[in-house]
Amino acid sequence: MKPALSVIFFTVMSGAGYGLWCLLGLALAAGIYPFSGMGVLVPLGFGFMLVSAGLLASTAHLGRPERAWRALSQWRSSWLSREGIASLVTYLPMLAMAWLAFTGHAGTGLRIAGALLALGALATILCTANIYRSLKTIAAWRTRQVLPLYFMFALLSGGLWLWAWLALTTGLMMGLAFPLALLGLAIVAAVIKVDHWKCVDALSVNTAGHATGLEALGRVRAFEGPVTEESYLTREMAFVLARKHGARLRRIALVLFGLAPALAITVALASGAAWLAPVAALAAIAGLFVERWLFFAEARHAVAAFFPSPQA
Amino acid sequence: MTSLPAPAKKKLGLVIDLDICVGCHACAVACKEWNDGGQFGPLPDDDPYGAEPHGVWFNRVHTYEVLPQAAGTSYESTASRIHDPHPAPAAQGRPLDPMGLQNPAPVPQMVHFPRSCLHCETPDCVTVCPTGASYKRAEDGIVLVDEDKCIGCQLCAWACPYGAREIALPHPKAATSDTGRKDSRRGTMQKCTLCVDRIYNETLDERDRQPACVMACPTRARMFGDLGDPDSNVSKAVAEREGFALMPEFGYRPVNRYLPPRPRRDGSTAAATATNPAKEALDTAQLPPLLRWLDKALSR
Numbered sequence: 053m054k055p056a057l058s059v060i061f062f063t064v065m066s067g068a069g070y071g072l073w074c075l076l077g078l079a080l081a082a083g084i085y086p087f088s089g090m091g092v093l094v095p096l097g098f099g100f101m102l103v104s105a106g107l108l109a110s111t112a113h114l115g116r117p118e119r120a121w122r123a124l125s126q127w128r129s130s131w132l133s134r135e136g137i138a139s140l141v142t143y144l145p146m147l148a149m150a151w152l153a154f155t156g157h158a159g160t161g162l163r164i165a166g167a168l169l170a171l172g173a174l175a176t177i178l179c180t181a182n183i184y185r186s187l188k189t190i191a192a193w194r195t196r197q198v199l200p201l202y203f204m205f206a207l208l209s210g211g212l213w214l215w216a217w218l219a220l221t222t223g224l225m226m227g228l229a230f231p232l233a234l235l236g237l238a239i240v241a242a243v244i245k246v247d248h249w250k251c252v253d254a255l256s257v258n259t260a261g262h263a264t265g266l267e268a269l270g271r272v273r274a275f276e277g278p279v280t281e282e283s284y285l286t287r288e289m290a291f292v293l294a295r296k297h298g299a300r301l302r303r304i305a306l307v308l309f310g311l312a313p314a315l316a317i318t319v320a321l322a323s324g325a326a327w328l329a330p331v332a333a334l335a336a337i338a339g340l341f342v343e344r345w346l347f348f349a350e351a352r353h354a355v356a357a358f359f360p361s362p363q364a
Numbered sequence: 192m193t194s195l196p197a198p199a200k201k202k203l204g205l206v207i208d209l210d211i212c213v214g215c216h217a218c219a220v221a222c223k224e225w226n227d228g229g230q231f232g233p234l235p236d237d238d239p240y241g242a243e244p245h246g247v248w249f250n251r252v253h254t255y256e257v258l259p260q261a262a263g264t265s266y267e268s269t270a271s272r273i274h275d276p277h278p279a280p281a282a283q284g285r286p287l288d289p290m291g292l293q294n295p296a297p298v299p300q301m302v303h304f305p306r307s308c309l310h311c312e313t314p315d316c317v318t319v320c321p322t323g324a325s326y327k328r329a330e331d332g333i334v335l336v337d338e339d340k341c342i343g344c345q346l347c348a349w350a351c352p353y354g355a356r357e358i359a360l361p362h363p364k365a366a367t368s369d370t371g372r373k374d375s376r377r378g379t380m381q382k383c384t385l386c387v388d389r390i391y392n393e394t395l396d397e398r399d400r401q402p403a404c405v406m407a408c409p410t411r412a413r414m415f416g417d418l419g420d421p422d423s424n425v426s427k428a429v430a431e432r433e434g435f436a437l438m439p440e441f442g443y444r445p446v447n448r449y450l451p452p453r454p455r456r457d458g459s460t461a462a463a464t465a466t467n468p469a470k471e472a473l474d475t476a477q478l479p480p481l482l483r484w485l486d487k488a489l490s491r
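Quick note, the sequences are listed as chains A and B, same order. First residue of the first sequence? That's 53 in our numbering, and the numbers climb one at a time after it. First residue of the second sequence? That's 192 in our numbering, and the numbers climb one at a time after it.
These are computed hints drawn from the structure, not numbers from a lab. Even for Gly, the Cβ is constructed at its ideal location relative to N, Cα and C. Among the hints, erroneous ones may be present.
[Claimed, not checked] Straight-line Cα separation of at most 27 Å, DSS-like style, residue types lysine-lysine; simulated pairs:
1. B:K487 to A:K54
2. A:K250 to A:K296
3. A:K54 to A:K188
4. A:K188 to B:K340
[As the list claims (entries may be wrong)] Which bits of chain B does chain A cover? Going by a derived footprint, with three or more residues having C-beta under 8 Å, they are:
5. 318-329
6. 387-396
7. 477-489
Same shape as in the complex, but just chain B (with noise of 0.2 Å):
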């Protein structure tokens, strides 16, 4: 049944903190390769060995650069403004500075930014779908697909604008799977599911019973938990970091949260460092007495 369900108390979602993600694609990898080969069953890919490897992906992580509108924009202001459509210049009231020489060039900031699906309250991936295939569990809020009864129409993915859902489409070289039989999954949605063969398995150790992206995130930028309880570990940090939805104008209301990056330790130092390197400080009384005189030899 493709209307949805009756909100539930329960939330189970992600939380991503995108101030430590450090890009290293391990929770796409080992996201793929859990549901490649775990219990749920195959993720396929259109053509795993030949030229083109185009596959399905649940998971994909994007860097992003970011250049500060003014140099010295702190976090403070940055954090409140995350939520302010309409943020005022920062540079405003600042006399002007044709040169940069009170404000040298800012320097842009990396940020690694994994996408996945958002298993939204409301989402309209799951309302037009014709055949009941696509659903939110009432009891948790895991929206999966059915691939027993998907027609792999694509309208779902077509509906999202988080880009969640990607179809398996045969490829017309690889029509069998490396065992030589049909693939059975081949032209149905696949998306996240926010590894349900995982997180209630009892065969697995308790602590394993999370995705496997969270379990491989090696700077624990990832985050598993319920989001419906609000004194959760992942609702905490939420509340803490002030963790953002995605294009919230969607209205689809997403459950899964991203932390907004921390401020440099001092925003106006990155920035000078940059056009301007600063001598590194070195105590020679910290030195050994060679070395020390060694400095100073090379000092004159």
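Bound conformation, chain A alone (with noise of 0.2 Å):
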């Protein structure tokens, strides 16, 4: 699939966005966070940051951006719907809650909007990956590891600029638990993220043959295609450059968003530098964009199977 920028920004930024809304709504929720005005409104608004900016990016890769509206009716079939819906209904409890904040409520009011803010935060990045997950098409997007990734990088990169927050104003020491968490996220989330990987390199890849239904008459070649130049679907679903460099971009990606924040949260852990949190939430959301390039550059789609390949 053809990796485009608007959708990968939409998917890392928004996902942090969630990732960061969802912990602390949890934490206000569970009577956990330190409270001050400025300690809620500051990392909710970088969240509100984060979720507009890739919800406005996601627009982009729309042919009609300015009927994106109408993307909110169809939510009885369709992820994408569900995902704008999530998403919109997620800021109510984001408003209240910053409200609520603003004016010094450190109430029950504000442990409801904290667990609000968390359950919309989820089920947007559900819907999301769902988008994704629910293709029958793209075979490398319908393994069992796509829908805990999606989770685990939106609370890894949200998590992380919400300690970077915590360590910076705090003090890094106040919550140990969060860092080690976050530490053991990152460790997870980057074994699955293998194991996905795995699973997608020992895919079958459709063949000419079976797409034409001719497989049973003999091996089959795509020996000319529709045109010679470039279609719309050679461009968007045969995508074959990214594989050339992909383990090389694999391991970069592993290292930015897995060992990366691991030895920063080590280190900052031992040595009190609060600076290398910011820097871990840095590298995350840098191997998330690594990371989320693969997920679609590498993805094969069926339709793949109808057009010659440029091995072949």
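Using the hints, build the complex out of the two chains.
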């Protein structure tokens, strides 16, 4: 699949934003977050920036962005429609929380808003993941790891930003459990991602013989495509450029979203260097951009089998 | 509404005979011509007269080379095997023949393969649509895109394993059409309409109320009709020739059917002639006297 920058930006950035909102909301709901007006408003606002930038970027993928509002109508069948609704609905507890934090109301209202924000964020991540997971034509997106990975990457990248804020403002040591949980999450996400890549590599590739139904007659080879030029289908769905550097890019992604945050957390906790926290968050975002680029670029669409392959 | 309608009795679709398609692309061109200038409206090109005239086609013709697995593979066995997911190797049980003396190298068979929307009964291209622009008609099963609702998210094209949908994206250098006006249809998904503006068009002669691709085909390799009616010509052709659906494992239940290539009249001759061209038979008794003499003189 062609890795469209708008969609990569959308899934990575809004994923991080929803992860941040989810953890902030959960911590507030549980009453374990060190409450202060700015202590809530700044990470909440940063999450708003991430989420909104991602959602705006996603409209750049549309042929008619001015009609994007129409996407809210088909929630009965379409995960994209559900995602649109969930993302908009999640702004409501965010606004309520911002108002409560701004006016200094740290009571039950804030806890409820926090719980609703976490719920909305999780629902939106679920919908985003299912947009891709629901496509039967792209086997690489139907593997069992895709859904948990979307959640883990959102919580990891968003969590690192939240930790960065806490580390820089309230000191590293006050919440030891949180950075350690993020450390564990980085390791688990890396392991599951490697497992996903193994699954993707083991997938059988659709063949021209199977696509045309002619395989019983013999070995089928695409002799000529419909046109000698590229077409929408070959540009969008028979994208092969990526696999050339796949192995190296996978290593880069693993180092950036897995190893770098894990090391940064360990060193920061050992030495008290709070500045490592935002570095870890930045590295994770960069790693997820590479991971998401590969998520698209390495995924083979069933329709590609109809076309002559460049190797043949 | 992008939820699927209740299954209709009428299933309009195409039956494409891979045996007699000669790969002339007339169907693709006729489709382009009708949908570019017909009553439905323009089928846009990104940049029709520019350096890269990429554009949308509802119908595209591929060509495949089929290399028989074993020489002398007969149609009788292949026709039954085409529905068998695990065909037994045809050469099984034969003595080994490493030099290919008894079984000369098989000759590839060229199969021309027109590919267009199959108007599936339960397609995901309809259900993934977030706007309700992609829909399946309850009355005849035709899958259409509402140009006024489509936001161009392309999810429907991603959901289709048959490559039936192509988006009309604005070309940076051709933002306006030839007439200078902004083309209102750009940025939306395009697909085969089964010439819905022809088949019900009462301003056309009755025999012309067929999809443009069917009308154009010089070998009559394309048939249009109701595949929900077992007594229709298309259904009979499918029953007689063991017409098959493409990639049924997706569960989209395509309506269109493909008829498999017939066997060569003699599977073995085709293979034999390639390596050892047989002498052409010439019945000299049929020749005029002068040519008969010439044949005799040259044969000495």
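Hints versus structure:
Pair hint K487 of chain B plus K54 of chain A does not hold up; C-alpha atoms about 68 Å apart against a cutoff of 27 Å. Pair hint K250 of chain A plus K296 of chain A holds up; C-alpha atoms about 17 Å apart against a cutoff of 27 Å. Distance check on the hinted pair: K54 of chain A and K188 of chain A sit about 17 Å apart at the alpha-carbon level, within 27 Å; holds. Proposed proximity of K188 of chain A and K340 of chain B is supported: the alpha carbons are some 24 Å apart, at most 27 Å.
With 7 residues having a beta carbon nearer than 8 Å to a beta carbon of chain A, the segment 318-329 of chain B meets the requirement of three or more and the stated coverage holds. Given a C-beta distance limit of less than 8 Å, the hint that chain A covers the segment 387-396 of chain B is violated, as 0 residues qualify and 3 are needed. Counting residues of the segment 477-489 of chain B whose C-beta sits closer than 8 Å to any C-beta of chain A gives 0, which falls short of three, so the coverage hint is violated.
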